[in-house]
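With chain E fixed as given, assemble chain W onto it according to the hints.
Number of protein chains: 2
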Amino acid sequence: MAAWSELLAGVRGVLLDISGVLYDGGEGGGAAITGSVEAVARLKRSRLKVRFCTNESQKSRADLVGLLQRLGFDVSESEVTAPAPAACLILKQRGLRPHLLVHDGVRSEFDQIDTSNPNCVVIADAGEDFSYQNMNKAFQVLMELENPVLFSLGKGRYYKETSGLMLDVGPYMKALEYACGIEAEVVGKPSPEFFKSALQEMGVEAHEAIMIGDDIVGDVGGAQRYGMRALQVRTGKFRCAQTAP
Amino acid sequence: MAAWSELLAGVRGVLLDISGVLYDGGEGGGAAITGSVEAVARLKRSRLKVRFCTNESQKSRADLVGLLQRLGFDVSESEVTAPAPAACLILKQRGLRPHLLVHDGVRSEFDQIDTSNPNCVVIADAGEDFSYQNMNKAFQVLMELENPVLFSLGKGRYYKETSGLMLDVGPYMKALEYACGIEAEVVGKPSPEFFKSALQEMGVEAHEAIMIGDDIVGDVGGAQRYGMRALQVRTGKFRCAQTAP
Chain E
128 MAAWSELLAG VRGVLLDISG VLYDGGEGGG AAITGSVEAV ARLKRSRLKV RFCTNESQKS
188 RADLVGLLQR LGFDVSESEV TAPAPAACLI LKQRGLRPHL LVHDGVRSEF DQIDTSNPNC
248 VVIADAGEDF SYQNMNKAFQ VLMELENPVL FSLGKGRYYK ETSGLMLDVG PYMKALEYAC
308 GIEAEVVGKP SPEFFKSALQ EMGVEAHEAI MIGDDIVGDV GGAQRYGMRA LQVRTGKFRC
368 AQTAP
Chain W
128 MAAWSELLAG VRGVLLDISG VLYDGGEGGG AAITGSVEAV ARLKRSRLKV RFCTNESQKS
188 RADLVGLLQR LGFDVSESEV TAPAPAACLI LKQRGLRPHL LVHDGVRSEF DQIDTSNPNC
248 VVIADAGEDF SYQNMNKAFQ VLMELENPVL FSLGKGRYYK ETSGLMLDVG PYMKALEYAC
308 GIEAEVVGKP SPEFFKSALQ EMGVEAHEAI MIGDDIVGDV GGAQRYGMRA LQVRTGKFRC
368 AQTAP
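From first to last, the protein sequence lines are chains E and W. Mapping to my numbering: the first sequence position 128 is 255, numbers consecutive. Mapping to my numbering: the second sequence position 17 is 144, numbers consecutive.
Fair warning: there could be bad hints in the mix.
Repeated chains share a single entry, so a pair holds when one copy, or any two copies, can fit it.
What the hints assert, rightly or not - Taking lysine to aspartate or glutamate and the EDC-like style, the derived pairs with C-alpha atoms no more than 20 Å apart in a straight line are:
{"no.": "1", "residue 1": "Lys264", "residue 2": "Glu154"}
{"no.": "2", "residue 1": "Lys287", "residue 2": "Glu273"}
{"no.": "3", "residue 1": "Lys171", "residue 2": "Glu332"}
{"no.": "4", "residue 1": "Lys323", "residue 2": "Asp190"}
Derived by calculation from the structure, the hints in this document are not laboratory data. Being a predicted model, the structure only gives us computed values, none of them experimental.
So that you can see chain E by itself, here it is in the shape it has in the complex (with noise of 0.2 Å):
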C-alpha cells in the first residue's frame, strides 16, 4: 500500500458521509462511532476543508445536524449536502409536482414544492413507511402518467443500524422500476451532479478532493468516477466481502 503522504499528496478538500461513518443511527438516535467527534475536530484544526456529503433522506437537514450536534460533532447546516434540498432544486427548475414517498421526517424540505396533481414520484429512505400501500400508491400515480418520472434520493442497498442492517432506498428504486419498465434518475451520490455541487460548495477541484465514506457503490465508485480519489471506511455496513450490484 502506498504511504499516507502520496495518497494525499494536493488534496484540498474532504467530503465526509455521514451514516456509518460518523455515526451509526438506531435507538435514541443513533450512537457515534468511536473516534469520529475528535476526528473531524482534527480535520477542522487542519489545514484542509471539509464537507458532509450524505444521502440521509429520512431526516431533514436540520434535524441531522440536530443530532450530530448533541453526539458531539461540529458540524452545521451549511456545512452539510444532502439529497433533499437537491431535489427540490430540481423539481423547481423543471416545473414538477411531486407525490412523495418519503419519512415523515423529511416532508419539511418540501414544503414549498406543490405536490398537487402529481406528474413525477419522489422516493426516498422511507423506513416503516415502504408499506405495501404507500408503495402501491406511488406505483399507481406513474401508471397513470404519459412519461413517468422516477426520482430516488440516492440508491443505496442498505445501511447500518445499532440493531443490524437495514434496507435503504435503492432496493424500492428498483422494485419501482421493474414495476413501470422505467429508470430512475437518482439524486445524491454516487450521481456526478452531486458531488460536483459538494465540491462547488468547498471550492475545491475533483482532483485535488477526497470522499471518506463506508458504501463501496455511492461514496467510493461515484467519487472515483468522478474524478475524486476515495477513502472506505471499515466501520458502517462494511463487510470483508462485498459484491457490488
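The following block gives chain W in isolation, referenced to the frame of chain E:
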C-alpha cells in the same frame, strides 16, 4: 393476421392463466370476467385438454379453486399447476429450510416443510404483508447466509384487481436481489420447469399446446420460449402500450 384455424393447427392442449383471464381479484374475492365461465365450459366440452397454470401465490390451491367454483367455473384442484406446491417439491429435493415471506392465505401449502433455522428465503405475492419490517427480515436472513438462496414464486410486475393495478411479487424480488447482490430462482411462469410440469400433467408436448394469459412476459414470452404457442387476452393487466422489463 393468420386465420384461427392456422394458428391453432395441431393444438391438443390449452393452458389457461387464471387471474386477469378468468377473473379479476378484489373486494369479496373478485369477479368473473365477462364470458370466461362459458369459455371454460366450451373448452372442456371440446376435444382439447385443458389445464390451469397460475402464478397465484396469495392463496392455497384449495382456496383458489373454491373461489373459482363459487364464481361458476368448472375447475378442480388436480387441474391446477401453481407455484407453492412446485416450490415445496424443490425445497424437499434440495433439503432447504425456508424463511417464508408469503401471504397468510398460502402458508398452509408449506405445512409439511421444516422452517426452523432457515437456509433460504421464499417470497410470494404477499400483498399487505410486504411491510418494511417483513422485507427487512427476509433481507437480514439472506445476508446472514454464506450462500444466499432466494426463491420467488413468479416474477410478475403487477396484476389487476377490481380496484386497480397492484404490485406483484416481481418488484419485491428485484428489491431483494439488488439489496443482497444475488439473483433469485423463479418458481412459476415464465420458468421452463413450471411449463414442463404443467404439460406433463396434461400429457401434451410443448408444440401441441397454447398458453392463454394476460402477462406478456410471464405467460406469452415464457410459453413461446418453451416452444408453445401463446395468446394474450385483452383483459386483466393488459394495456395497449406495454414495455417488457
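Hint-by-hint comparison with the structure:
1. Lys264 - Glu154: Between copies, since 18 Å is at most 20 Å while 29 Å is not.
2. Lys287 - Glu273: between (38 Å within a copy, 19 Å between copies)
3. Lys171 - Glu332: within (19 Å within a copy, 73 Å between copies)
4. Lys323 - Asp190: neither (24 Å within a copy, 56 Å between copies)
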